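Peer 1: Read off the chains here:
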Amino acid sequence: MGGKIFAVLIVIIALASAVPIINHTFLGASVTPPEDISTHGKAIDEQMSVTMAEAGISFLAAQLILGLFVWHFANRNSGATKTLPGGATAMVIVAFLFVGAEVLALGLVGSKAWGMVYFKPAAADAMQVQAQAGQFAFYFRYAGPDGKFGQIHPDKIDEGNSNFFGLDPENDMAARDDITSGELVVPVDKEVHLLMHAKDVGHSFYVRELRIQQDFVPGLDLSVHFTPTKVGKYEIVCTQLCGLGHYNMKSYLTVMSQEDFDKWLKSQSS
Amino acid sequence: MSDASVHAAVHAAPTSFIRKYIFSLDHKVIGLQYYALAFVAVFTGMVLSWIMRVHLVWPNAPIPGLGWLSKVGAPGGVVTPEYYLQLLTMHGTLMVFFVLTNAPFAAFGNYFLPIQIGAEDMAFPRFNMMSFWTTFVAFCILISSFFLGDGPPLSGWTGYAPLSAVGADAGPGQGVGQSLWGISIFVFCIASLLGSLNFIATTLDLRTKGMTLSRMPIVTWAWFITSCIALLAFAVLLPACLLLILDRVAGTSFFIPAGLNVADHIQPHQGGSPLLWQHLFWFFGHPEVYIAILPAIGIVSHILICNLRRDLLSHRVLIYCMMAIGFLSYMVWGHHMFVSGMNPFSSLVFSFPTLMITIPATIMTLIWLGSLYGSNLRINSASLFCLGFISMFVSGGVSGFFLAQPSIDIYLHATYFVVGHFHMVMGVAAIMGVFAGTYFWFPKMTGRMMNEGLGRWHFFLTLIGTYAIFMPFHYLGLAGNVRRYSAFQDDYLIPLIPVHKFITYAALFTGAAQLIFIFNLFYSRFKGTKASENPWECTSLEWSTPSSPPPFDNFGGKHPVVYQDPYQYGVKSSTGDYVMQTSPEQASVAS
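Chains as they are written, first to last, in the numbering used here: chain A, 1 to 270; chain B, 1001 to 1591.
The shape of chain A in the complex, shown without the other chains (with noise of 0.2 angstroms):
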């Protein structure tokens, strides 16, 4: 009886579970990725829809086989035992060849997904905005009209003051004209080299839409790179364990047209 139980049980729970996955949603919310909006991103969501296929048909294939098998072998009264021909020769066999070949067939096409966001260089026209994440907020520098960074200073970081950066425009000429901002704006089909820092601790960087993650490291300067292509505000999030702050830790991402962004770029400025 238990066996039947659970063979019953666990071929619901395994159809039950495919159920959202197939149909994007479950109880009325999306539970998929939003709709791409780079250039990288496209590799990666087929990445994933090949490794969805492929998991989903090993998940749902084993909770049946299981559920199966246990509603026909367990406590049976009566029947000679038999064993699996081929044996454990035949399953080591099987992983080697299905799932060997499977995992490292997932794992090449993959690692051109990859490549592109973290093997091809930005492009040298490509536009460099600056980020720092502190807790608990994301500010974002332009370089101004001159194209130079003003160097940081940790020590004169005045957030009162609006110095998110810590610039010394005083006695630094390349610091004048940077443009600071609470927001990540940009131009739409362009691409944007982005220039990591952390201000105190750990954080990241994340926009689902544009298909990218990517830490802050206190001490190191990183940088990501990527190319939106639809117009429009997304939200960028820390997913960094940060402190206290962490949840609220957010910013916009908005990308707009190219003579949008010149005139915001302009107003940001004067």
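Bear in mind the hints are in silico, worked out from the structure with no lab data behind them.
Please note that the accuracy of each hint is not assured.
Listed next, the in silico DSSO-like pairs over lysine-lysine satisfying Cα-Cα at most 30 angstroms (straight line) [stated by the list, open to error]: (1) B:K1501 with A:K250; (2) A:K250 with A:K156; (3) A:K230 with A:K42; (4) B:K1572 with A:K4; (5) A:K250 with A:K266; (6) A:K82 with B:K1572; (7) A:K233 with B:K1501; (8) A:K266 with A:K230; (9) A:K250 with B:K1071; (10) A:K4 with B:K1530.
A short, non-exhaustive set of chain A residues, derived as facing chain B with CB atoms under 10 angstroms [stated by the list, open to error]: (11) F6; (12) I10; (13) A16; (14) A29; (15) R76; (16) A88; (17) F98; (18) G107; (19) H153.
Please read these numbers as outputs of a predicted model, since none were measured by experiment.
Where a beta carbon is used, it is the ideal one built from N, C-alpha and C, also for glycine.
Since chain A is already given, all that's left is putting chain B on it; use the hints.
Peer 2: Below, chain B without anything else, positioned relative to chain A:
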């Protein structure tokens, strides 16, 4: 293999209450002490998760009694954002260290490894006692953080630097609480190292006459392999914790670079690397997953074989798979760090061995499934939990396909997908193994049977409940729901709150179902039906002891001699369809 003549009683039978039950040298008492400690830790950790789940969906609901525990963290019983993170840190630390390391490995391993190899005790009984009491001290230090300073740390069980290293500037609990955390884990590492050495020495040196390595039951092998993994893993976490403590109290800068402005204070450090902590931590942290799961794999296989009344397709292949997993577990730690800023080429290097782990894991699953084919599986609470383990191992395993790939990890890293993955494969699966072991070995440990009807109710409710909690975690992750948030205020997270409500109800339900287990455990201990010496008709040495529970020297002054491979089932013998390992009988193969 040791000679039976060296098996002189390693220590005399204890007489006083203190030596018998508290500072006992007896591996069985120490095993039960580990079990009791894990029991307290798991229910503490579970209550913490309840509070977190309730807070996530009803942020302003006062939780009875919580205001008393922390006036600052939960004024009037309402959890503050920082207290949420403090509870989260304690939940993770308690569960990973004091439950998943202690219960399947230290508790059952201590109790049954020496008996299964025919030894009278562990190789170093005093070290063994010290291991437990050192673990207990580590537990007390950790728990004391609830009552000292401004509470436990909020940096998570991974304690990433520099959040964990710069001190009180980083936030509530990052002063005294984080130091206590570091000291607690440091002490825990010492205990685990002593315990692992003891397990290894015992397995290699104290096997009784005839107990060759190839005759050891699969679960004995699992504990042995786990000890080897633990010896290397904790040996790295120990100095890492020491460096963290030094950064905090001695002004060193192992993990803190120059120029950090935390809470408007320039930190007086320079030259350290936050990534160094991550590398050291995960060099321990990934093998730790296998420290939790390999003993459960061993327990489940051991119990499954007994209830199948025949060997698995090959239990030896399973042992080789465990060794392969143990070996690979040291080459994959970087898959926790794909987006951490380490060299992106190394992400690929870490990705491939991670994907390779799928191969031994698949072989194991196929062997369990293939062994069910054509069998006559006995269904009882223990074997049901074994089936639940297999199901959960698969469910938690397939999500590893995603996270092992750096490109997909860009999207799924630090989301609830990861939380669902590790809770299923490391948490629930390992706990299913612990439940299976409890129902199976309870008659040997107490002399009484656990109630079978309650055991089945416990199993089915737990199976439904854990799937209801952890499957939706994956859906949330696919929607990009970030983990470790104390409230969901972002525009895209608000529509996901109904899913979180569902999970909270499921967590409360599953937790409540564990009351059946607690009741069964205590009721059966005193009122359960008396168990025979070998109620499951099992072949291994723990069922050859002269009494249940076994006498202090396990075999009543005799030295068992082993004649058989571990799993002689499905034969015709004088005892029925099995031959004990200690029986010289040459059984014929059943037709």
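Peer 1: Among all the numbered hints in the text so far, which are the ones the structure does not match?
Peer 2: none
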